[in-house]
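Residue numbers (the working numbering), protein chains in the order written: chain A, 1 to 324; chain B, 1 to 324; chain C, 1 to 334; chain D, 1 to 334.
You may find that some hints are simply not true.
Computed spacing ranges between beta-carbons, pair by pair [claimed, not checked]:
# : chain 1 : residue 1 : chain 2 : residue 2 : range
1 : B       : Gly73     : A       : Gly106    : 45 to 55 angstroms
2 : A       : Pro303    : D       : Gln303    : 22 to 32 angstroms
3 : D       : Glu266    : A       : Glu221    : 54 to 64 angstroms
Since the hints were derived computationally from the structure, they do not count as laboratory data. Owing to the predicted nature of the structure, the values given are computational and were not obtained by experimental measurement. For each residue, glycine too, the CB sits at the ideal point set by N, CA and C.
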Amino acid sequence: MSTVTYKEASCLALAEEMRRDPTVWTLGEDVGDGGVFGQYTGLRDEFGPDRVVSTPISEATIMGAAVGAAMVGTRPVVELRFADFALCAMDEMVNQAAKARYMFGGQTRVPVVIRQPIGMWRSSAAQHSQSLESWYVHTPGFVVLAPGTPADNHGLLKSAIRCDDPVIFMEHKDSWDVEGEIPDGGDKTVPIGKAKIIRPGEDLTIVTWSGAVQVALQAAEAAAGKGVSVEIVDLRSLWPWDKEAVFQSVEKTRRLVVLHEAVKVCGFGAEVAATVSETMGDRLATPVRRLGAPRIPIPYAPPLENLCRVRVADVMTTVEEMGV
Amino acid sequence: MSTVTYKEASCLALAEEMRRDPTVWTLGEDVGDGGVFGQYTGLRDEFGPDRVVSTPISEATIMGAAVGAAMVGTRPVVELRFADFALCAMDEMVNQAAKARYMFGGQTRVPVVIRQPIGMWRSSAAQHSQSLESWYVHTPGFVVLAPGTPADNHGLLKSAIRCDDPVIFMEHKDSWDVEGEIPDGGDKTVPIGKAKIIRPGEDLTIVTWSGAVQVALQAAEAAAGKGVSVEIVDLRSLWPWDKEAVFQSVEKTRRLVVLHEAVKVCGFGAEVAATVSETMGDRLATPVRRLGAPRIPIPYAPPLENLCRVRVADVMTTVEEMGV
Amino acid sequence: MSTSSPPETGGPTVSAQRVRALFATMCRIRAFEEAAERAAKEGLITGAAHLSIGQEATAAGVCGNLRTSDLITSTHRGHGHTIAKGASADAMMRELFGRAGGTSDGKGGSMHIADFSVGMLGANGIVAAGIPIAAGAAQAKRLLGEDAVVACFFGDGAVNRGPFLEGLNWARIYDLPVLFVCEDNRYAARTRTGAMTGGPGPAARAESLGVPAHPIDGNDVMAVDALAGQLVEEMRAGGGPQFIHAKTYRQKGHTVADPGTWRPAEEIAQFLEHDPMTIARQFLIDAGAGPADLDAIVADAQQEMADAYDSAAAAPWPDDGLAATDVQDIGGPA
Amino acid sequence: MSTSSPPETGGPTVSAQRVRALFATMCRIRAFEEAAERAAKEGLITGAAHLSIGQEATAAGVCGNLRTSDLITSTHRGHGHTIAKGASADAMMRELFGRAGGTSDGKGGSMHIADFSVGMLGANGIVAAGIPIAAGAAQAKRLLGEDAVVACFFGDGAVNRGPFLEGLNWARIYDLPVLFVCEDNRYAARTRTGAMTGGPGPAARAESLGVPAHPIDGNDVMAVDALAGQLVEEMRAGGGPQFIHAKTYRQKGHTVADPGTWRPAEEIAQFLEHDPMTIARQFLIDAGAGPADLDAIVADAQQEMADAYDSAAAAPWPDDGLAATDVQDIGGPA
Ligand SMILES: Cc1ncc(C[n+]2csc(CCOP(=O)(O)OP(=O)(O)O)c2C)c(N)n1
Ligand SMILES: Cc1ncc(C[n+]2csc(CCOP(=O)(O)OP(=O)(O)O)c2C)c(N)n1
Ligand SMILES: [Mg+2]
Ligand SMILES: [Mg+2]
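Construct all of the structure, not just a fragment, from the sequences and the given hints.
Structure follows, in structure tokens:
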């Protein structure tokens with residue numbers, strides 16, 4: 001095991017996969033210079049400018065070119081910088097990447113990894129803070145991953161690159177500097193579709209992912225101080241998502257909170273809540289609760305931005321209301 | 001009252017609003033020639049090419065220009081032809097139209113109506129059949145409307161044009177020729193945010209909208225034949241949605257099915273189901289059920305396309321499973 | 001056609017034998033689409049179908065210079081390109097009918113016609129979407145160390161969409177062997193593109209992006225063949241992107257459902273006279289071909305497509321199970 | 001500046017008095033951004049801030065020819081444009097600090113700086129997004145029967161995004177009075193735009209879209225003023241869109257967090273010498289202005305911005321309640 005940051009973990013994963021498979025390459029603005037967050041540092045030196053391709057500001061074509069490149073046998077890792085800019089490439093993502101295999105009757109596959117960092121981070125405001133994972137979960141064809149730890153960023157990025165499906169890969173900008181351990185050797189992947197119980201508990205389940213994992217951990221600690229034992233399920237994969245793990249946990253705790261940073265309304269939490277309510281409604285001690293951002297664009301001023309975050313206190317209030 | 005088609009209803013509504021308010025205008029591909037579905041027929045003759053503006057195939061700029069035009073005091077009605085093409089204008093819709101008022105601290109408003117027809121229709125296949133309403137409901141800043149009848153298409157389009165918020169206006173392509181009555185005189189609007197009970201019932205509530213309204217009506221008829229009394233709530237407005245109407249109906253029937261054409265996973269049905277489960281879970285006789293499309297791109301061949309539709313039989317099975 | 005030899009070099013003269021082959025391809029395209037038109041009118045084709053009748057020379061002339069290992073991207077109006085690149089007409093017709101044995105199992109239809117086995121990377125329901133895809137395919141082929149030229153077809157309406165600029169710029173800065181082919185049939189749906197296109201037009205735009213542009217009569221298959229042959233040769237020798245502005249005409253309406261009669265009658269008449277089939281036929285007659293020989297080519301094509309029609313009409317629907325296959329490997333359709 | 005009189009006609013000569021006013025605007029922009037830079041380093045500006053130090057002449061020279069009723073759109077690097085168009089520096093600084101009294105109540109920050117009351121329709125966090133917005137604003141003004149010229153600022157990186165083509169084409173075909181101003185500072189973030197831009201560059205692209213293009217030294221405020229004056233005059237007289245390719249240099253890094261020292265030292269040095277402030281100052285000295293007078297202009301500007309800094313630093317955070325206002329009229333934030 002080595003201790004690395006979330007950012008370094010992804011850089012290592014990409015380098016390992018590029019060494020392993022010469023058809024893996026990456027493209028995006030400034031990636032040759034290490035990328036806007038430094039998550040591509042050193043890659044051009046090792047792999048050269050044809051495999052670490054700095055591009056013009058042409059999101060539609062970054063994505064569209066990756067589709068063509070994936071169709072003919074390479075594995076592009078697309079860097080879109082901020083999930084918000086992905087909106088400039090939405091046709092290429094949704095109408096092309098996600099649908100090509102199906103609408104061409106399986107004649108082709110589009111093994112492309114689409115990195116688009118999400119989340120609130122240092123007053124990034126309305127156009128640089130969105131978390132739109134639920135859009136992609138709604139879209140047939142996509143695998144959707146949202147790692148919350150360095151180890152998962154490492155292992156899931158590797159799985160994403162090896163996956164034959166187009167993968168939406170959402171890192172959280174606020175996690176870049178979070179440290180954690182990753183396995184040595186570079187051959188360990190994290191399986192797509194498997195959740196992880198990152199804290200076992202008995203009284204209540206929190207299902208969460210990405211940056212909100214940190215909030216959940218703090219809330220669980222606070223709850224423990226009040227005698228409430230919280231189990232945290234970090235989904236990591238949003239599509240497919242690990243229903244079994246969630247059902248199992250809720251079967252035990254009979255209380256579920258879904259916690260995410262994205263807007264609550266029509267967030268992926270709605271899918272989890274609706275599914276659990278539908279499937280095991282009669283075994284729930286109390287209805288499933290959701291916590292997410294209010295339905296407002298993200299404001300700039302730090303105290304206003306903070307109001308869009310789910311805070312530990314919000315989780316605690318909800319836990320109390322659920323009568324644990 | 002006059003009898004008109006769904007398509008004619010929208011054309012009348014737009015003409016009436018353009019007569020009433022000289023700042024209303026419309027832009028999009030081929031609108032000067034009546035629009036691809038004929039829903040702009042005759043408008044250029046009456047209002048001229050400066051208010052019924054045929055455009056190049058430039059979705060991003062159709063939408064972006066409308067944002068600029070709305071900011072300075074006009075009310076553009078944007079025609080995007082198929083909701084799928086809206087993906088080519090996603091930045092302009094989401095990062096610009098929906099956020100401008102907020103991120104500029106209320107200095108401006110963006111009163112634009114964004115027409116983007118949805119739904120399966122005559123083998124339109126993967127790139128011409130999507131129903132992405134849940135994306136827009138998830139996006140702060142938007143009003144989202146999905147009329148299911150000629151009267152609602154008429155009255156809601158008028159309300160949308162008068163609304164100061166950006167409105168996503170989703171007509172269903174399969175409804176263009178559906179006939180119905182609309183009020184004469186042209187001053188009647190349908191309020192945004194109000195659902196309509198289109199069939200009263202006692203045993204079970206179906207919440208639905210857009211093209212699926214027809215399926216719900218047929219299913220209710222079939223259920224009546226089996227002695228089950230179904231109440232149908234046509235939401236019409238998806239954001240804001242009429243929670244009170246839904247709660248009231250479910251309070252009475254204690255059973256809820258949410259039925260829509262869009263993909264079930266992360267569809268707007270998840271939001272309705274999660275909200276109802278959360279709010280009135282203990283008053284439900286049985287968990288809320290959702291019916292929507294499987295998570296696959298829409299295929300071309302008619303029998304395969306049909307497999308993506310929720311059919312009356314599916315509704316009936318669900319109703320039975322809910323133990324009515 | 002897709003494996004035919006490169007054109008004569010040294011001048012615009014092309015051999016009659018070569019033109020005969022191109023003519024045959026054009027006849028097959030025309031006959032395919034006439035059969036498709038009939039089928040659509042009879043309700044056998046349920047989705048939208050866009051006919052390229054009148055535009056066959058571009059498809060034939062460009063694809064005649066490509067190898068099977070070369071690639072093309074296409075548009076909503078893609079039957080001609082697909083046939084010219086070497087796809088089976090029978091499988092294509094089944095696809096249009098939405099039947100088993102279609103190129104895409106009936107899951108795509110006319111607007112998503114494709115045959116990856118012959119390097120045809122797909123028609124596209126989104127105007128201009130093929131442009132970035134073509135650029136990326138060329139870039140990937142180079143990365144893989146495989147030689148391939150990519151021909152990228154699009155219409156005159158597509159030059160007003162952003163991906164046109166982005167994709168041509170991309171091909172230029174990475175110096176990719178992409179042959180951009182703008183089939184300028186004067187209309188985008190019901191709109192005259194002249195009124196919607198600022199400046200001197202598609203060729204000037206390409207040049208401004210550093211892509212050398214070549215205007216040409218797109219209805220003259222000899223001219224298209226000679227030009228494409230030369231450009232493809234340059235690209236095989238390591239040259240960067242090239243642009244053909246092929247002036248042509250859509251003899252039919254926008255889709256099979258549109259009679260297209262809203263256009264000026266004189267314009268239609270003028271172009272019916274300047275039909276690519278007539279031009280190629282005249283060339284062959286002048287070069288000594290016998291009318292009976294040419295009629296036989298036409299008849300063969302018509303027979304092939306009548307058979308394709310019958311085969312498609314008799315074919316079963318795709319198996320229901322196919323609806324849920326090829327969505328993705330990981331994560332079921334539920 | 002935004003209400004100043006049009007420039008002298010009949011030649012490139014501009015009056016010293018006019019240049020003095022432009023110089024004053026430039027000094028205010030420079031001082032504002034130096035104060036902002038300081039604030040960012042001190043942690044008082046929490047979000048990204050992009051400085052236009054070195055590019056002041058374009059903002060001042062273009063906006064100096066606009067009326068308050070004229071409009072501009074801007075980019076992520078928008079402080080200069082906003083000041084030149086007449087916004088209050090005090091309110092702007094508060095916005096950068098995210099404080100009460102900011103131009104957008106602290107809800108937008110530097111990247112969304114805007115002052116609609118003076119026709120400044122907003123900076124934009126999305127490269128090239130202002131281009132279609134500018135076109136639409138011009139179109140709407142015409143529909144309303146109101147005279148207005150729209151100046152649309154964007155960088156050399158923006159010419160590779162699709163909306164560049166779409167928006168310029170749009171302005172051309174509808175003949176809209178939009179003055180496109182490409183501020184070419186050689187870089188897009190850390191990437192040299194030369195390597196990413198196929199063909200002869202921004203001006204050729206504009207010309208290919210039918211928009212007359214004018215390359216110019218963007219650091220020479222006299223030249224920018226004269227050119228913009230002439231073009232704006234033409235547009236007021238009913239002319240269509242125009243394009244200025246202003247060559248300039250970003251003296252600082254991409255954001256305040258980037259020292260920008262990864263660029264060639266000689267290049268930086270060369271442009272520090274070709275500083276727009278120095279050029280304007282020299283012109284004024286040559287025209288007889290006293291150094292003390294000019295120093296006073298600088299000092300005034302610095303004082304104004306020091307005050308703005310203090311005012312912003314002392315201002316309270318926006319009221320929590322503001323987080324939920326101005327989302328939309330119908331449908332709460334819940
Ligand atoms: C992005 C997008 N916008 C609009 C359409 C609708 N549409 C389909 S074909 C077409 C006209 C295209 O014109 P052109 O590119 O000249 O091709 P042609 O039909 O003439 O072959 C339009 C507007 C679409 N498919 N995609
Ligand atoms: C669509 C989009 N892509 C990428 C970015 C990230 N980004 C912000 S500024 C910038 C560079 C822009 O370069 P240029 O247009 O030359 O403007 P400059 O920064 O030089 O003023 C980039 C890539 C963005 N904001 N929007
Ligand atoms: Mg055309
Ligand atoms: Mg720049």
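Hints, verified against the model:
1. Checked against the given bound of 45 to 55 angstroms, the beta carbons of Gly73/B and Gly106/A, roughly 52 angstroms apart, stay inside it.
2. At roughly 30 angstroms, the beta carbons of Pro303/A and Gln303/D sit within the given window of 22 to 32 angstroms.
3. Restraint check, Glu266/D to Glu221/A: a C-beta distance of roughly 55 angstroms satisfies the suggested window 54 to 64 angstroms.
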